[in-house]
Amino acid sequence: MDIRYATAPDQIPGMSTDRLRDRFLAGDLFAEGEVRLLYSHEDRLVLGGAVPGPEPLPLPCPEPLGSAYFLERRELGVVNVGGPGVVTVDGTPYPLAGKECLYVGRGAVEITFAGGAFYLVSTTAHTTFPTAKSADPEPVRLGGREGANERVIYKHIHAKGVRSCQLVLGVTVLAPGSMWNTMPCHTHRRRTEAYLYFDLEPGHRVVHLMGEPAETRNLIVADRQAVISPPWSVHCGFGTRSYSFVWAMGGENQAYEDMDLVPIGGLR
1310 MDIRYATAPD
1320 QIPGMSTDRL
1330 RDRFLAGDLF
1340 AEGEVRLLYS
1350 HEDRLVLGGA
1360 VPGPEPLPLP
1370 CPEPLGSAYF
1380 LERRELGVVN
1390 VGGPGVVTVD
1400 GTPYPLAGKE
1410 CLYVGRGAVE
1420 ITFAGGAFYL
1430 VSTTAHTTFP
1440 TAKSADPEPV
1450 RLGGREGANE
1460 RVIYKHIHAK
1470 GVRSCQLVLG
1480 VTVLAPGSMW
1490 NTMPCHTHRR
1500 RTEAYLYFDL
1510 EPGHRVVHLM
1520 GEPAETRNLI
1530 VADRQAVISP
1540 PWSVHCGFGT
1550 RSYSFVWAMG
1560 GENQAYEDMD
1570 LVPIGGLR
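Under the numbering used here, residue 1577 is the last one in the sequence shown; the count climbs by one each step, no gaps.
There could be a bad hint or two in this list.
In silico DSSO-like pairs for lysine-lysine, Cα to Cα no more than 27 Å straight-line [what the hints assert, rightly or not]:
| hint | residue 1 | residue 2 |
| --- | --- | --- |
| 1 | K1408 | K1469 |
| 2 | K1469 | K1442 |
| 3 | K1408 | K1442 |
It is worth saying that the hints were derived from the structure and are not from the lab.
Modelling step: build the complete structure from the supplied sequences, incorporating the hints.
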């Protein structure tokens, strides 16, 4: 399990490109036949990738969690970013097609993955909600061609959808010809957010903006790579072509609208 410690805004100006990537980019989550996990001290978020081979893959419980099993004190969101697959939770199978989402509640003991390629996001949980597949996500259409940001947001795990303790998660799909994922960008002072970019064709990239609004930096992100955004950091990006991304948050509240918008003219 990769461990990432929390950072402060005043650390960013002196960081090289390699140091920025080492702190904020989860660049190697997906490997065939493995479950790879990253533990961030930003709101104790865990990110992961599971790519089953011929045999189902069990979700391990790494020592840094200090628990008897992975979800003893946690909840989990799973998004299939590959072909058809199945997540089995304590003996119950949940088929997931591409871009579909499963919420797994605190207390589930045995989780296995078969087929597909699964992105994992876990937050701590002080209460239990039932495991549920997001069968009818709420779509929100935003942006337009004139801003190259025409997109559909599918809310999966949120206060008015699949319920959770603190995890909020959805998938955004950009229309062909659109490259900007969020404008104007924003910060979440009470939550940490992570973006996983996927459906990005080989050789193409997303330029992800991060840092304080008046002190921005960028990360060049490839397919199936994720970026950790601390509460003080903006998060938005533009690609060399259209793509999809999973956004997931954990922190003090679940209010989707709780954000501090940054005017485009305020970015530097």
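Status of each hint after checking the structure:
1. K1408 to K1469: 19 Å, holds
2. K1469 to K1442: Distance ~14 Å between K1469 and K1442 Cα, so the pair holds.
3. K1408 to K1442: Distance of about 12 Å is within 27 Å: holds.
Checked against the numbered hints above, the structure violates none of them.
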